[in-house]
Structure formats: C-alpha cells, structure tokens
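Protein chains: 2
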Amino acid sequence: MNVTPGIELRDREEDYLNINPLQTAGRATLEARKAVLSYVDGYSICDWCKGALCEMEKPPVKKFLDDVSVFLGMDASILTDGAREAKYAVLHAITSPGDAVVVDENKHYTTYVACERAGVRIYEVASSGHPEYKINPEDYAKVFEQVKAETGGLPKLAILTHVDGSYGNMVDAKAVGKICRDYKVPFLMNCAYSSGRMPVNGKELLADFISSSGHKSWASGGGNVGLLSISESWKEKVFKLSGKYKVKPLEILGCSSRGSSTLALMASFPHVKERIKNWDKEVENARHVVSELEKIGLVNLGTKPRQHDVNFFESEVLYKISQTHKDKNFFLYNELKKRGVVGIKAGLTKNFKMSTYGKTNEQIKHLVWSFTDIVEKFR
Amino acid sequence: MNVTPGIELRDREEDYLNINPLQTAGRATLEARKAVLSYVDGYSICDWCKGALCEMEKPPVKKFLDDVSVFLGMDASILTDGAREAKYAVLHAITSPGDAVVVDENKHYTTYVACERAGVRIYEVASSGHPEYKINPEDYAKVFEQVKAETGGLPKLAILTHVDGSYGNMVDAKAVGKICRDYKVPFLMNCAYSSGRMPVNGKELLADFISSSGHKSWASGGGNVGLLSISESWKEKVFKLSGKYKVKPLEILGCSSRGSSTLALMASFPHVKERIKNWDKEVENARHVVSELEKIGLVNLGTKPRQHDVNFFESEVLYKISQTHKDKNFFLYNELKKRGVVGIKAGLTKNFKMSTYGKTNEQIKHLVWSFTDIVEKFR
Chain A
7 MNVTPGIELR
17 DREEDYLNIN
27 PLQTAGRATL
37 EARKAVLSYV
47 DGYSICDWCK
57 GALCEMEKPP
67 VKKFLDDVSV
77 FLGMDASILT
87 DGAREAKYAV
97 LHAITSPGDA
107 VVVDENKHYT
117 TYVACERAGV
127 RIYEVASSGH
137 PEYKINPEDY
147 AKVFEQVKAE
157 TGGLPKLAIL
167 THVDGSYGNM
177 VDAKAVGKIC
187 RDYKVPFLMN
197 CAYSSGRMPV
207 NGKELLADFI
217 SSSGHKSWAS
227 GGGNVGLLSI
237 SESWKEKVFK
247 LSGKYKVKPL
257 EILGCSSRGS
267 STLALMASFP
277 HVKERIKNWD
287 KEVENARHVV
297 SELEKIGLVN
307 LGTKPRQHDV
317 NFFESEVLYK
327 ISQTHKDKNF
337 FLYNELKKRG
347 VVGIKAGLTK
357 NFKMSTYGKT
367 NEQIKHLVWS
377 FTDIVEKFR
Chain W
7 MNVTPGIELR
17 DREEDYLNIN
27 PLQTAGRATL
37 EARKAVLSYV
47 DGYSICDWCK
57 GALCEMEKPP
67 VKKFLDDVSV
77 FLGMDASILT
87 DGAREAKYAV
97 LHAITSPGDA
107 VVVDENKHYT
117 TYVACERAGV
127 RIYEVASSGH
137 PEYKINPEDY
147 AKVFEQVKAE
157 TGGLPKLAIL
167 THVDGSYGNM
177 VDAKAVGKIC
187 RDYKVPFLMN
197 CAYSSGRMPV
207 NGKELLADFI
217 SSSGHKSWAS
227 GGGNVGLLSI
237 SESWKEKVFK
247 LSGKYKVKPL
257 EILGCSSRGS
267 STLALMASFP
277 HVKERIKNWD
287 KEVENARHVV
297 SELEKIGLVN
307 LGTKPRQHDV
317 NFFESEVLYK
327 ISQTHKDKNF
337 FLYNELKKRG
347 VVGIKAGLTK
357 NFKMSTYGKT
367 NEQIKHLVWS
377 FTDIVEKFR
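The listed protein sequences derive, respectively, from chains A and W.
Using this note's numbering, the letters of the first sequence map in sequence onto residues 7 to 385.
Using this note's numbering, the letters of the second sequence map in sequence onto residues 7 to 385.
Among the hints, a few may not be true.
Among chain A residues calculated to face chain W with C-beta under 7 Å, some are [what the hints assert, rightly or not]:
| no. | residue |
| --- | --- |
| 1 | T10 |
| 2 | G158 |
| 3 | G228 |
Distance condition first, Cα-Cα at most 16 Å in a straight line; then the derived EDC-like pairs of lysine to aspartate or glutamate [to be verified]:
| no. | chain 1 | residue 1 | chain 2 | residue 2 |
| --- | --- | --- | --- | --- |
| 4 | A | K69 | W | E14 |
| 5 | W | K250 | A | E122 |
| 6 | W | K40 | A | D17 |
| 7 | A | K250 | W | E111 |
| 8 | A | K343 | A | D21 |
| 9 | A | K40 | W | E14 |
| 10 | A | K252 | W | E122 |
| 11 | A | K343 | W | D53 |
| 12 | W | K310 | W | E300 |
| 13 | A | K241 | A | D72 |
| 14 | W | K351 | A | D53 |
| 15 | W | K252 | A | E122 |
| 16 | W | K246 | A | D21 |
| 17 | A | K243 | W | D53 |
| 18 | A | K64 | W | E14 |
| 19 | W | K40 | A | E14 |
| 20 | W | K64 | A | E122 |
| 21 | W | K69 | A | D53 |
| 22 | W | K301 | W | E320 |
Rather than coming from a laboratory, the hints here were simulated on the basis of the structure.
The beta carbon of each residue, even a glycine, is placed where N, CA and C say it ideally should be.
Work out the full structure: start from the sequences and follow the hints.
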C-alpha cells in the first residue's frame, strides 16, 4: 500500500517489533509527532526568529540548548544536521588539510568520510579484532607517539566512537580522555549511539566535543538533526561567527536544522531525560537476549560483559538452515517477519546485529521466542 | 495554546493568510504531510538502503533525483540539507582558501557565510542601489576583470542569486551564464527563490550548478532539505566519492537529508511540476497587489516590471500612522492580524516585504482590502 504514489506506507513500527539498531532509539514520541505536525510547513520554526536558530527564544531553542549542555555535562551546544555534520564542523574548525587526526577502528563510516572531506591524514587505533573488537584506551597513546614519530607533531584531534553501531562496544572514554589531556590533544566523542540512550557526561569523561544524533538516539524522529556540544575553551574557534553577519555561526552556515526536526528534538527531550534513567534495565534486557540466543547456538561478539542494547551475532546454525531452506538466505528475514519481528537486514543469516532498545518485557520475551522457534523448527 | 510544553501550537497557516516570503512556497502538500507522518520515526527512510541515500530504489530516491535533473535541465542531482549546504558543497569541492569568488550584492546571507566558511576571497557585483537594486549581468565581466587585475587569475566560481529574497528581483541569468562561459568561470545559480516556484532550466541559462531549497520553494514542508544539480563535467569533482566507502559522496558526508524531509520533497514533486505552470498567474497576482498598494501610497522597490511573487515596499504613509497610533510601530502587525493577515515582521511599518505566492483570487482581494482599510482608517 502506498501512502502517496511511489512511496510505500511505512508500517514496521505499528505492525512489527523492530530491532534495527539504526532505528530503535529514534522513534518519535507522541510529543514529537504533535510538534512535527504543527510545524510541518517550510521554515515555520522561523516565525519569531530574531536572527539565529540557536539563539531563538520562541520556540525556546536557546533554552533547550542550554539544557542540553547541562544534560551532557558540556559548556555550550548548537544544533547540527546530525552527528556527522557535528564531527565535520569540529574537523573543519580546528584542523587543516594534511593534519593528523586519530580515530578508532570501530568508527562509523561518517567519521572517516568527515575526515576525508576535511582533507586530514587519518591514523587509526586498531581494535583487538575477532571476537571482541575491543578498543584499548592506552592504544591512543601509542598512536599519538606514532604520529609524533612520523610527523614531528601531535595529532590535531582524537575521535573516539563512544559506542559503535556494529558491536555495541562501549569504550572506557574517560581513559581515552585522560590520555588526550596528558598529550594535550583535543578529544571528540562521537555519542551517536550513546547520548540520548544512556547517561553521558562530557566533563566526567574529559571530552572537548560531543557529537549526538537526534534521529538516531534522542527519539526526535524522522528529520535528521544533531547536536554539537563543546567545552568553553573551544567556543571562539568552533562556534566562530560570521565577520559580516555577527550572529551566524560559520560551521552551521548560520542556521542548521531550521525545521520541524528541531521541534521534534525539543519535544522529545523531557522523555529522553527520563528514559536514560532506565539504562540499567536496557543493559539487563540486552544481556538476557544475548544469553538466551547463545543457548540456541548463536555467538555474540564484542566485549564482555555486554554494556549496550546493540549486539552482534555470528550464527552458524542459522546459516546452515539457509543452505537447505526454500527461501535460501532470505529465510531468516521471512521467518522473523512471519513472527512479527523486523530489522535484521534481508538476506543475512551468518552475521547480523540487533538492538533491544526500549522494548518491553513482553517484547523481549517474544523476540527470544521467535529465534528459538525458528531454530527449533528448521534445525 | 501549546502543542507540547514549551512549544506553541502553530496556527498561522490554518487561521491566517500568511504572506511571509520565507514561507509561502514551502507549505507542505497533503501528500507531503502523509509521507512525513508515515516516516516520522528516526532513520525510517533507510529501511531498504543498499548503501547510499541518493542511490536508493525504495523509496525511489534515485528515480526522483533523475527526474529533478530533467526538471531543472541539469545532468545530475543530489540531496543536500538545503540550498546553503549545496552552495558550500560546490565551494568546498572546487575552490581553495584564498581563491577569488564572485557574488552579487543581493545575495542571501548564506552565500556570504558559505564563502566565509570555505575561506575564499569574496568579490561583489554591486546592485544599482535604491530604488531598483538591479544586478546588471555585464557587471560580472567587469568584476572578473577586476579579479584578474588584482590577483592575476580569474575567479574560481561565480554565484548569482537568480531571484533574491528581499526585492524579488529576477536577474537575466542567461546573460550572466554567457559571460561566465566566455571567461570559463564556473557558474552557480542559487535558485532558492526560483526553482520549485517557476520554470528554471539550467541548460538554457548556461548554469554549471543549481542550488535549490526544498523547504522554501518546493512545498516539501517542515524539515530542511535541498538539492544540488550540476552539469556532467563537474560530476567527478563535486560528487566525488569516498576513497574507502565507494558509494558515499564526500560533500554530503555520505547521506545528507536522511529522513522524512526527503520523503516530503518527493511526495510534493508532482504538485511542484504542475504549479510552476501557473507562474504567469503568480506574477500577475503580484503585479496587481503592487499596483493596488501603490494607489494607497506605498512604494514598491526593485526592477520593473515586477517578475516575482516577493515584493518590497517603502511605506511612508504607514510609518506616519505608527507615530501616533497607540500600538506604535507594532500597529501594522496588529491591524493586519486583526484582519487575518500575518507574515510581515512585527514592528515594521516603513520597509517590509511580502509574498503573494499560491494565493487565490479571493485571498489576493482580501490582502489588498486589508492594507487599504488600514490606511483609510488611520491616515
């Protein structure tokens, strides 16, 4: 069924249990939906603008951003079009083409692409590889030394993926922050999979910059929107204003997310502030699912104990079934869908990831049952 | 009334006649509203992604972009987060800091800010000033010569505001394009106030690049979204892909408007293709309003005859009233609101702009009556 010619009605949130890691923490709240509907016309956020999106008093964008800074333990925040745009903003503001920048191997592809666009030279902190894919904080020091040896100077920026979107590994960010501070290397934490889902405090973790994703982890919904939060000392450089248009920050070209996505982010914020208090329960749910799926032969990758709702599995048992099942490698997708579960990429059986974020006990139970039932039926 | 705590219910489209130039051509169509609602959850556009937003087949983003290229008479198009992001993408891709770039004096502030962010040296084609503020195409040649004399080379890019948002002046873009071609200077047309409202053909106008604004002029609604359309010869440079992630264009960090704004843009496109056919009627409406308001003492600025729905007025008569009216300079805003008209900035009486885009005959009549009634009552 099409919602409008050429565009299918989307029903996976209403009719299914969706475990796509990209989507579980980005579901729009009722409040966000109301805000999006009310501000559905173009540039309606600008009704009362006095010159700059992030300074707006009506709707109270400025107050919201001040609250976000407190929430994340940072000094100042601006709206961006997403986490990637926040990372690029920092890269563009504080590095020059050819500069060395250190990233972790588990980074999101956008960290790499933002570095490429900024023209910097990328140095990578390797993970421990299969099966843990662990990022050891102390390796940042080693790579800093390598940069020093090779270029004669320290990197201009270190980027850490606080939690990565493949294995859901949470890195000891404070340990990385400590090393960065020791070396005086500015430290950017990409919190696209952490802030908005769980408590994150930049001051405690010694971060200079935090990038956040509204549509991924702040329940803000369908339009892309993000946040760049920084510590005071970087304000002049990273939030630099236009020389001619004195209220317009250069790195967001004056006003970034100038539309309903910002309203949605703001409307969902009270909910986000509450939901992060349930983080222990989210981790407990994830661990429960991991342990139950391991009982039927799946193997969970990543660091132990599990600390996040995103989990990656190797599944020889499901792969074997796909070899003889009439639907071939699409069997898992089809069989899960029959049981009302979606979000694992169609065609995967051997390796896949899932997220249990925000699921009820009932849903967690149903998820475990679905996998167990499939394995029992077809093995 | 609040739609959600801290965010006012927006009623100006439902309860008023809105003449804010920023907003008249950005109203979401019914089709866009349905698409936004169906794709209101975070990253829902990515359900069937095979690697890159602009290559998506489901929803048919790739097909849409191909259609947009035909619609605008260009060879290839990608999604951006707005017109400003499209301009910056071109600047970043084809210039280096310190390069000379030529812009027109009537430019949107974001053209200037994008140039500042790119670190280029800005040369300006002056307008004729009060009252016409005309950009003479041949002045581009003069400024090119100036750049040559001062820097020893030609500018790396010329940007023309096809129609500016203050006076609604339409420049003879083809004449500028011809000069750019003669000098071999790449030519970017900012069509934020033209494409989507009226017919624009880049090939006919000799444009290398066209930037468009979805939320401003393509009826796409509340989330910011734009388009960058280019001619074939620039593809490799401007749509350059990541060296590592081979489907991800660097200048949009892989995927730009990854959310419901893109769906809204797509859903409104059939309507946009139809509505541009009414452009003559839109111009006729604008001319009628200008002529009627001049009868009551307002003075219309800009080039003659008027060619666009955006119009700027000087109004000594309304300013005079404000000197004795109890509401002072807020009287015009208040009196218009009483008559169901909004969109002129609160506090303005002496200089203001308006847009008549998409208004019915009835609404045009009411608009003229409102101003006439106010002047007659308080003069």
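- Of the hints given before, which are not true for this structure? 2, 16, 17, 20 and 21
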